[in-house]
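Novice: Each chain, letter by letter, is given below.
2 protein chains.
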Amino acid sequence: MDIEDTSADDLSAVLDSARRASTQWARTPRSLRSAALDAIATGLETANDDLVSIAIEETRLTEARLRTELTRTCFQLRMFAQYIAEGSYLDVRVDTADPNWPMGPRPDLRRVLLPIGPVLVFAASNFPFAFSVLGGDTAAALAAGNAVIVKAHPGHPTLSRTTADLVTAALDETDAPERLLQVVFGTEAGVQALQAPAVKAAAFTGSIPGGRALFDIANARPVPIPFYGELGSANPVFVTRAAAEARTQDIVDGFVASFTSSSGQLCTKPGVLFYPTNTPMHDALATVELPRVHRLLNSSIESGFDAARRSIAEHADVETLTERHDSLATEPTTTLLSTTATAIASHPSLLHEMFGPAALVVAYESDGELFDAITQIDGQLTASIFGEENESIVPELIEQLSGIAGRVLWNQWPTGVSVTYAQQHGGPYPATTAPTTTSVGMAAIDRFLRPVAYQNVPQQLLPHELKDSETAVRQTRDGR
Amino acid sequence: MDIEDTSADDLSAVLDSARRASTQWARTPRSLRSAALDAIATGLETANDDLVSIAIEETRLTEARLRTELTRTCFQLRMFAQYIAEGSYLDVRVDTADPNWPMGPRPDLRRVLLPIGPVLVFAASNFPFAFSVLGGDTAAALAAGNAVIVKAHPGHPTLSRTTADLVTAALDETDAPERLLQVVFGTEAGVQALQAPAVKAAAFTGSIPGGRALFDIANARPVPIPFYGELGSANPVFVTRAAAEARTQDIVDGFVASFTSSSGQLCTKPGVLFYPTNTPMHDALATVELPRVHRLLNSSIESGFDAARRSIAEHADVETLTERHDSLATEPTTTLLSTTATAIASHPSLLHEMFGPAALVVAYESDGELFDAITQIDGQLTASIFGEENESIVPELIEQLSGIAGRVLWNQWPTGVSVTYAQQHGGPYPATTAPTTTSVGMAAIDRFLRPVAYQNVPQQLLPHELKDSETAVRQTRDGR
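Going line by line, the protein sequences match chains Y and U.
Under the UniProt record's numbering, read the first sequence as residues 1 to 480, first letter to last.
Under the UniProt record's numbering, read the second sequence as residues 1 to 480, first letter to last.
Calculated directly from the structure, the hints in this document are not laboratory data.
The structure displayed is predicted, hence computed values, not measured ones.
Even glycine gets a Cβ: it sits at the ideal position worked out from N, Cα and C.
Certain hints may be false.
[Said to hold, decoys possible] Here are the computed distance ranges between Cβ atoms for each label pair:
1. Y:Asn390 to U:Asp98: 37 to 45 Å
2. Y:Arg474 to U:Gln195: 37 to 45 Å
3. Y:Asp50 to U:Asp216: 45 to 53 Å
[As the list claims (entries may be wrong)] Covered stretches of chain Y (chain U as the covering partner; in silico rule of three or more C-beta atoms under 8 Å from a C-beta of chain U):
4. 33 to 46
5. 67 to 78
6. 95 to 107
7. 170 to 183
8. 427 to 440
9. 457 to 464
[Claimed, not checked] Going by beta-carbon spacing under 8 Å, a handful of chain Y positions derived as facing chain U:
10. Tyr89
11. Gly186
12. Ala284
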């Protein structure tokens, strides 16, 4: 498929349509929005063989991985469909009038979350389904009641166009407004859309430099808009002394499987592992057999990986523990690098993400050294502990890691982010540009909603979820 | 009191203390944090006569107004104290492990909101209690579990210092960490604090240019932080035809009382009123007697008001309907200006905020003209309708106004913002820089919290609110 960049004229039509569609969609009852999300999921499922084969062609990812990802994508749509039908996400708060309120008579106040308006989503390269045209950001924004414009990732243009066409066909069978989801192509169109007054929020998954550039554009607008960027993360893993002794091989094998999964192209790839000296860990890491991995997504990812890997590997305090380079020049060099916690304390840039199948292992002598290193760690999506329940270091470790990461794991690997009610995929910068939010899980919908309170508005003029007669949606009344 | 600007050395000590205090405060049980907030309220109440007399001296506001404001400030602290003791604000979500989760086995995931870290609060001039040292932003940030640094407003330095000292004395009697609340003075110290790595979020109430400049600094940091700015708002009022005929004098009198209250120095002052032609409204507005008002807060506000008032009054499409200038040259000229909806459609800048006792009334011929004008209105804190329940225009008017304002009022005036569970004080830019949040009401606490999910963490290592045994805090389990 030959897909041209979106022209300025076409973009203008896209923006106008998005504005109209968003207004209409916001007024569409939740039950119908819910049904439309289900219809999209069915549309994608029905075409799954076609979608997966296009994705294999364009992304070099494996069929098994892509099928799982498509399942996740459809599951996510259906979960949001249920979630909005149920309605507690509206966070309805009703304070009835109270003449005896201690700060003076209180008016009747009723608060609800309304759709924020057209949302621009920048698709990622590494999840051609789950973080692309119909990925998590799009699902959350649509569920919230907004039209969506997706800036397609150049890594999978045909898949992007095909997905969008399937969605449009599915939505045509529902009560959804026309052009509710639209796709634009090209960097220029993406930047222009981000600057357009019609766009009220934007979401992004990708690299730190790319995300930061777009964040800066969003904030420099005459009318700035929320920009939800999920950028980069090293996802450090911390192995305690007891665990290092009790479960050496299990931990090493799990680590290698996790950091090489999808050729290491996962935002939650565990890129750094801290382990105690004088345990069998070092030898086990040095002698582990690295698996063969598949090619990286595209040449830009390839060169980025190579540069990141080299810059850390060539540091004076880093040695290459083991690497695997298969005969095909097209496959990346799977690499395990090694350094010490004292080196990290002086050179925190050693912790920078290497997007691909490489990781750095860090030897620490003492708990004090470990905690010193932690103070050097930037914001992270995840931090994982492999430990034993009764070790004295553990409570403080959990406490410290909850200060730098959005998700803290115990004896599990961070790859494979489940879509659930309680999931949190976020973290302090540079993990994300919006540390108070999540981009995976049901709470992701909050990013695309804005609160409005109605004061003294008669019952028949209120949105029905705010009325006294509402029984389906949970209302917090007078704080209870 | 002679108060010098905070030096760079002193600021450095403030930042170090804030970091330490924040860590300690975050670990302080909610019951003790709650008790400390109550103790602050008691400390302020006990000193209320002193505080009010200093405030009268420094702000020119009336004693009655200041006493009400101090009551509100203490009430707000006590309400947050109750709110955090109850704990539902933690938004606890528990998803137990589920091997049959449709997208693949689900791990045990438990999500909670944790304190974001030290918060910098820029105090406002117009509310020397409620939006200053111990105002809403500070109360919300402390309640959330963060240390606070307040950049004092130069309009009331002695009051700022006195308030901070009272708070410190009150906190010394509790288990709160040392230097939990600190005050810095001077523009340079404020900017440096905003750029400091120790500061994790900032809040501001003030003018559009001032707030925008700080917003830009917060976003330009190597590690950007959330900036919650409440800037400016014209708070338009819409009088329907039926209301204009039925309640002319009531509406005009209420309008004048509301826009001249506190000499018009309120962020929710109704600065613009739309009314239908061919009703008694015009004559009632032209002949209304404007009340005498007191001096504005300071010379900077005085010159700003004068410039804003003149720039609109001198526009070719604007006439001065009535004005009052009292003998004292120090009092502002209370002013009612008049224009038409068609003029607004061409010149939306006529709707810019005049911070002081002036308002613009706008005549509209038809409903269509009114809706055209609404499309020109920027983001607002509030929008008010004076109408009759059965008028056909009303549902669409509510719908449109909920799209541009954070609070929509029916037959009430927007001044006097009650602190309640459902209050919403926010809105699209330029009303605020963070349209998904509020700066008044219990939901204001959300701005200073960040979510963390714990995966597969054993019961005894979890924060107690996430444990299965927790009975005091509401948990959403498996989405229910």
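Novice: Now, for every hint given, state plainly whether the structure supports it.
Specialist: Consistency of the hints with the structure:
1. Y:Asn390 to U:Asp98: 37 to 45 Å: violated, 27 Å
2. Y:Arg474 to U:Gln195: 37 to 45 Å: 42 Å Cβ-Cβ, so the 37 to 45 Å window holds.
3. Y:Asp50 to U:Asp216: 45 to 53 Å: holds, 47 Å
4. 33 to 46: violated (count 0)
5. 67 to 78: holds (count 5)
6. 95 to 107: holds (count 7)
7. 170 to 183: violated (count 0)
8. 427 to 440: Per the Cβ count (9), the hint holds.
9. 457 to 464: It holds: at least three residues are needed, and the segment 457 to 464 of chain Y offers 4 whose Cβ sits within less than 8 Å of chain U.
10. Tyr89: Nearest chain U Cβ about 10 Å off; hint violated.
11. Gly186: violated, 26 Å
12. Ala284: This interface hint is violated because 23 Å lies over the 8 Å limit.
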